[in-house]
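Chains as they are written, first to last, in numbering that gives the first Met the number 0: chain G, 0 to 146; chain E, 0 to 146; chain A, 0 to 146; chain Z, 0 to 146.
Calculated directly from the structure, the hints in this document are not laboratory data.
Be aware that a few hints might be false.
[To be verified] Pairs of lysine to any residue residues, derived as SDA-like cross-links and limited to a Cα-Cα distance of at most 25 angstroms, are as follows:
1. Lys67/G with Asp90/Z
2. Lys88/G with Ala94/Z
3. Lys67/A with Thr20/Z
4. Lys81/E with Phe86/A
5. Lys88/Z with Asp89/G
6. Lys88/A with Ala12/E
There are 4 protein chains.
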Amino acid sequence: MHSMTVDLTVPRASISAAAATALLDGAEAKARSLGMTIAIAVVDESGVLKAFRRMDGAALVAVGASQKKALCAVGFGLATGKPWHDFIKDDPILASGAHELPDFILLGGGVPIRVGGALVGAVGVSGGHYAQDEACALAGLAALGLP
Amino acid sequence: MHSMTVDLTVPRASISAAAATALLDGAEAKARSLGMTIAIAVVDESGVLKAFRRMDGAALVAVGASQKKALCAVGFGLATGKPWHDFIKDDPILASGAHELPDFILLGGGVPIRVGGALVGAVGVSGGHYAQDEACALAGLAALGLP
Amino acid sequence: MHSMTVDLTVPRASISAAAATALLDGAEAKARSLGMTIAIAVVDESGVLKAFRRMDGAALVAVGASQKKALCAVGFGLATGKPWHDFIKDDPILASGAHELPDFILLGGGVPIRVGGALVGAVGVSGGHYAQDEACALAGLAALGLP
Amino acid sequence: MHSMTVDLTVPRASISAAAATALLDGAEAKARSLGMTIAIAVVDESGVLKAFRRMDGAALVAVGASQKKALCAVGFGLATGKPWHDFIKDDPILASGAHELPDFILLGGGVPIRVGGALVGAVGVSGGHYAQDEACALAGLAALGLP
Chain G
0 MHSMTVDLTV
10 PRASISAAAA
20 TALLDGAEAK
30 ARSLGMTIAI
40 AVVDESGVLK
50 AFRRMDGAAL
60 VAVGASQKKA
70 LCAVGFGLAT
80 GKPWHDFIKD
90 DPILASGAHE
100 LPDFILLGGG
110 VPIRVGGALV
120 GAVGVSGGHY
130 AQDEACALAG
140 LAALGLP
Chain E
0 MHSMTVDLTV
10 PRASISAAAA
20 TALLDGAEAK
30 ARSLGMTIAI
40 AVVDESGVLK
50 AFRRMDGAAL
60 VAVGASQKKA
70 LCAVGFGLAT
80 GKPWHDFIKD
90 DPILASGAHE
100 LPDFILLGGG
110 VPIRVGGALV
120 GAVGVSGGHY
130 AQDEACALAG
140 LAALGLP
Chain A
0 MHSMTVDLTV
10 PRASISAAAA
20 TALLDGAEAK
30 ARSLGMTIAI
40 AVVDESGVLK
50 AFRRMDGAAL
60 VAVGASQKKA
70 LCAVGFGLAT
80 GKPWHDFIKD
90 DPILASGAHE
100 LPDFILLGGG
110 VPIRVGGALV
120 GAVGVSGGHY
130 AQDEACALAG
140 LAALGLP
Chain Z
0 MHSMTVDLTV
10 PRASISAAAA
20 TALLDGAEAK
30 ARSLGMTIAI
40 AVVDESGVLK
50 AFRRMDGAAL
60 VAVGASQKKA
70 LCAVGFGLAT
80 GKPWHDFIKD
90 DPILASGAHE
100 LPDFILLGGG
110 VPIRVGGALV
120 GAVGVSGGHY
130 AQDEACALAG
140 LAALGLP
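Chain G extracted, bound-state conformation (with noise of 0.2 angstroms):
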């Protein structure tokens, strides 16, 4: 007797609600100590909004924003801004080809999450310059003791 063995699944993790409830109040945290109002996104592994939170006063461009900087950072699994920008900045097919995605910007301030190797969300921070909002993501990270 012959027998096949397949996998029916593959294990994935994704970011809890505690863990991005406690994201979004350590980026707010930062943007209060930097006087920023800011909107914060997070989304699970698949692009599947999470958490949000648009402090009073933020801009309103600033609601999309941190939803797509978010969804960029967990599609392709890289941070948005500078690391980006060096990658393509000398590549045109590569430059103009990723604006050409629907979930692309380069646009600092999203950053995936990655949890013991496995990329299980994103955050993205929009409303201020985007070193601002990158600085803002990171404190997010932090606060849940993430690089």
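Given chain G's structure and the hints, the job is docking chains E, A and Z onto it.
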């Protein structure tokens, strides 16, 4: 000589981020007491997303449904669900017309947020039967001391 | 010293590519035995497309219908078709509300994929009468040893 | 007496489901040999999805990118990537115009499928650098005995 004075602005009141977070907490606590997992969306008086949370294990459809319920509730200034159903059920033109509006959803769980008579936002809950969803939404309002 | 422990992630199981391909094969074999030509879509636990096949001669509408049925089945965690119809037919609010959700489709042929109690994806079939579509979807699950 | 004869139809050749599956297998085998995880989309001569597979672990962005590359390749009858870049790089009107078309993407990895001179479909691959993606797409064609 005649003169006219025009007010350049109209005042608005909008749900605060602190209140939106408290509302999420109140709705989530109710869901836990009912053994449910839900998604909760809070939009401001202009229908723009203010706060969102998806509990671990909530159905995928709840992500979009919660937002649509909140949008419908603030758009019409009416709770989704039974009052709407009773209002339109014997008026075929209204019943038909309402369904043609992209932000309309009859399903209960979307509730306007009124403070001092002003419509300042809305909450939408999805994850269980619409009667349960509505109970969670109302628990969220109760956490703000609102009826 | 005090410390707080929050689980940063929740585990998920997602249909594997090997299982998704076997599912396509099983559904296609059933369609051949019925003299049908169908499209078959498999989505993962988050509704993201995992595998798709359109048999030669399958109706054009089946391309979108199969994907929508799969998305509905995983979004609600319920098979499309008769159980849904029975559930909503006497509840006008639920019947109306469900149809307002963009990922909802009553038509049979969408079936959740559960492994060990976890919702790991869904399959959607379109091409014939919905009862035949459902038979093909279930044949796909049977090819994985699932009920 | 004069008469005119008009052909009521024009013949088309379209990639078969069997060929599309063999193409997926060939592209996946190449990806495995390169240590990559990719998504592969095959569209027919009309741009309609024919077959799709997302390998376990492939980036989320690859789901949409693979389909867009295939659509671009069949839409223009040209491979995405370097030939396109060389074609448009010194023609600013063409370069600008191409990017305005919703199905355009410069990024390599989309390749038309031609059989006996006829454009019968296209394949799109995403998951790694575009040069690797293109290599996988060509390996898929090679599995069909096509150049």
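Violated hints, by number in ascending order, as checked against the structure: 1, 6
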